[in-house]
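Peer 1: Single-letter residue listing:
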Amino acid sequence: MKGKKSEAFWAGRVIEGILLLDALLAIVVIFLIGLLILIEAWPAFRKIGFVPFLLGKEWRPGKELYGLLPMIVGSILVTLGAVTLGVPIGVALATFLAEVAPPWVQKVVRPAIELLAGIPSVVYGLFGLAVLVPLVRQIPVPGNSGFGLLSASVVLAVMILPTVANISEDAIRSVAREYREGSLALGATHWQTIIGVVLPAARSGIVAAVILGIGRALGETMAMIMVIGNSVIIPKPLNSNPLTIFLSQARTLTGNIAVEISYATGLHENALFATGVVLFILIMLVNSMAHLAMRRRS
Amino acid sequence: MQRPWTKLLGVILIALLITGCGGKTSNESSQVQKQISVAGSTTVQPLAEKLAEAFMEKHPDVEITVQGGGSSVGIKSAAGGIADIGAASRELKESEKQKYPDLQVFVIAYDGIAIIVHPGVEVDGLTRKQLQGIFAGKITSWKEVGGADKTIIVVAREEGSGTRAAFEELVMGGKQITGQAILQPSNGAVKKTVASTPYSIGFLSFGYLDEEVKALAVDGVAPTKENAAQKRYPLVRPLNLLTKGTPSGLVKEWLDFILGPEGQKIVQSEGYIPVK
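As given, the protein sequences belong to chains A and B, one line each in that order. With our numbering applied, the first sequence covers 1 to 298. With our numbering applied, the second sequence covers 1001 to 1276.
Keep in mind the hints are simulated off the structure, nothing from the lab. Small disclaimer: the values here were computed from a predicted structure and weren't measured. Glycine included, C-beta positions come from ideal geometry on N, C-alpha and C. Do not take every clue at face value.
Taking lysine-lysine and the DSS-like style, the derived pairs with C-alpha atoms no more than 25 Å apart in a straight line are [to be verified]:
#	chain 1	residue 1	chain 2	residue 2
1	A	Lys57	B	Lys1150
2	B	Lys1150	A	Lys236
3	B	Lys1214	B	Lys1231
4	A	Lys63	B	Lys1225
5	B	Lys1093	A	Lys47
6	B	Lys1192	B	Lys1244
7	A	Lys63	A	Lys47
8	B	Lys1097	B	Lys1129
9	B	Lys1099	A	Lys47
10	B	Lys1150	B	Lys1192
11	B	Lys1150	A	Lys63
12	B	Lys1093	A	Lys63
13	A	Lys63	B	Lys1276
14	B	Lys1214	B	Lys1192
15	B	Lys1225	B	Lys1244
16	B	Lys1276	B	Lys1225
17	B	Lys1058	A	Lys236
18	B	Lys1129	B	Lys1050
19	A	Lys63	B	Lys1231
20	B	Lys1214	A	Lys236
21	B	Lys1225	B	Lys1097
22	B	Lys1129	A	Lys63
23	B	Lys1129	B	Lys1034
24	B	Lys1175	B	Lys1097
25	B	Lys1225	A	Lys57
26	A	Lys236	B	Lys1143
With the C-beta cut set under 7 Å, the calculated list includes, among others, these residues of chain B facing chain A [to be verified]:
#	residue
27	Gly1147
28	Glu1226
29	Asn1227
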C-alpha cells in the first residue's frame, strides 16, 4: 500500500519537475533573446549615443545618420489610430455578446471573432493593399497616396479587435450578478444597468484589454509594411486640417527592422538591433501596465 | 489510486525533451567535395541561380549555393572569404576599393534601371535633371514637367538596396531622395505600388518591366534593351561577381562559363544585357 502511494507520489514529483523546467525554459528563452539583441545593439548605443538615437530626426544609414524619432512617432500614431477606431467597436462588441445577444447570435459571432484572430498578418496586408489603400486615395487631399497612417490604422483596428473584444467580454461577464440585480431592483432599465453599473464595474478589465491591444498593435509588422508606405519622415498634416496627418506616410519600428535588415551590415545592422531593443522595452512596459490593470481588478 | 495517464504524460514529456535536445544531425559525410558559395545582391541572385543550375547540369559533382543578403554583404563576404564569390548590383565605392584592394571584379551582365510611372500619367519622357528634381522632392507636381496639375507620388527602394544605390549614383548626383517617398522593399513591390497608385513614379530593374506600368524615356532615349546594350540609354549599371584575388580552379571554371557564349546566352534569355 505504502509503496504504491509513494510511487504515485514520485511520479507526480517528476512531472512537476519537468513542468517547472518547461516554465524555466520559457524564461531562459526570453532572457536569451533579450540579451542577444542587446549585445548586437550595444555598439549602436555606444557609437550613436542613446539620446541622439532615440530623438534623432534623420535616419539615413548611407550617411551614418541613425535617428529613431520618425519611427517612434510613426508607431505611436498608428497605434493611436488603431485604438481610436478599434476599441469602441471592440468594447461595444463585447457588451453586445455578454449582455444583449441571444445565444444563437453568440454562437455565430464569437467563432467569427476568433477566426479574425487567426488570419495571418500578410492576408490583412493584402486586404489593405487591395481595398483600403485605393479607398483612402479617394480622399481629395494633394499628396495623398492612399498609403499611410489611416490605411494602416484601419487594418490594425481590425487586427486588435479580437484581443479587445475577448478580454473585455470576460471582464463584463465576471461582474458580480448582485450588481446587476441591485441596479435592476432599483428600477434601472437593462440599458441603464449596462452603462451605469456593468461597464464601470468591468472598467479595469476593459483597460487591460485595451493595453493588450496596444501591445499587439505595436508588434504588428507585415501588414504595416504593406500599407503604411515606409517613408522615413515624422508625419505631418498634408494641409491646414490637422487630421490629414493620418493621410501621411510613416514607418513603424517593426517595419524599420523588417524593411532594412536584409541589406544591413556593420553599424546599420547594430542600429536595427537597437531598434529591436527599443521595441522590446516599449512592449514590456505596455505588458506590465496590462498586468497592473488586471491585478487591480482582482 | 493509480493514474496511468500521469505516467504516460511523463514519458511523453521526457521523450519530447530528449528528442528536442538531442536532435543533432550529422550530414558531414554527405558533403559534396566540389562546392562554390555565392552571396550578395538580390538583383544578381536569380541570374546567378540560373547560371549555377546550367553549370551544375554539365558538372553533376559540383554544388553551387547562391545566397542573397544585398550588394554590401556580397562585397564583404568575398573580401572576408566568407563566400567564394560575392555578388553586387552596383559598382564598388571608392572606400570599398581602398579597404579591399585585392578584390577582383567580373562584370557578368548589364542591367538597365527603368523609370516607371502609373499608366495614367501623360508624360512620356524626362531628363535626368527633371528626375533628380522629382526624386529630391524639388519638383512636386506633374505640371512642372508637362503633365497634369497633380502631386507626384514618389516611390523608391529602401536604404541599402543596390538598385537604389545605382539610381542615386546615376541620377541623384549626391542629392538625397526625398523623405516623402514611399519605400518598398523589393523590385516587385515597387512595380505593384506604382501600377496601383495614380500619379506615382518609381524605378526598377529592366528585368521586372511589363505592361502594368509605363516606362519613361530618359534624356529622350527609350528604355529598351537594345538602347541599353549600345550604351545610349543612360541608366545602366553593371552586375558584378567578385573574388578575392585571382580566381582559380572551380571558381575560375564557373566564371569562364558565365562569360563564355553559353553563360551570356542565359544572361540574355533572363532579360539582362550580355557583356559581349
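Peer 1: All hints, please: hold or fail.
Peer 2: Hints versus structure:
no.	hint	verdict
1	A:Lys57 <-> B:Lys1150	violated (29 Å)
2	B:Lys1150 <-> A:Lys236	holds (19 Å)
3	B:Lys1214 <-> B:Lys1231	holds (21 Å)
4	A:Lys63 <-> B:Lys1225	violated (33 Å)
5	B:Lys1093 <-> A:Lys47	holds (23 Å)
6	B:Lys1192 <-> B:Lys1244	violated (38 Å)
7	A:Lys63 <-> A:Lys47	holds (14 Å)
8	B:Lys1097 <-> B:Lys1129	violated (29 Å)
9	B:Lys1099 <-> A:Lys47	holds (21 Å)
10	B:Lys1150 <-> B:Lys1192	holds (20 Å)
11	B:Lys1150 <-> A:Lys63	violated (32 Å)
12	B:Lys1093 <-> A:Lys63	holds (13 Å)
13	A:Lys63 <-> B:Lys1276	violated (36 Å)
14	B:Lys1214 <-> B:Lys1192	holds (12 Å)
15	B:Lys1225 <-> B:Lys1244	violated (31 Å)
16	B:Lys1276 <-> B:Lys1225	holds (14 Å)
17	B:Lys1058 <-> A:Lys236	violated (58 Å)
18	B:Lys1129 <-> B:Lys1050	violated (37 Å)
19	A:Lys63 <-> B:Lys1231	violated (30 Å)
20	B:Lys1214 <-> A:Lys236	violated (30 Å)
21	B:Lys1225 <-> B:Lys1097	violated (30 Å)
22	B:Lys1129 <-> A:Lys63	holds (23 Å)
23	B:Lys1129 <-> B:Lys1034	violated (50 Å)
24	B:Lys1175 <-> B:Lys1097	holds (23 Å)
25	B:Lys1225 <-> A:Lys57	violated (41 Å)
26	A:Lys236 <-> B:Lys1143	holds (24 Å)
27	Gly1147	violated (14 Å)
28	Glu1226	violated (32 Å)
29	Asn1227	violated (29 Å)
The structure shown violates the earlier hints numbered 1, 4, 6, 8, 11, 13, 15, 17, 18, 19, 20, 21, 23, 25, 27, 28 and 29.
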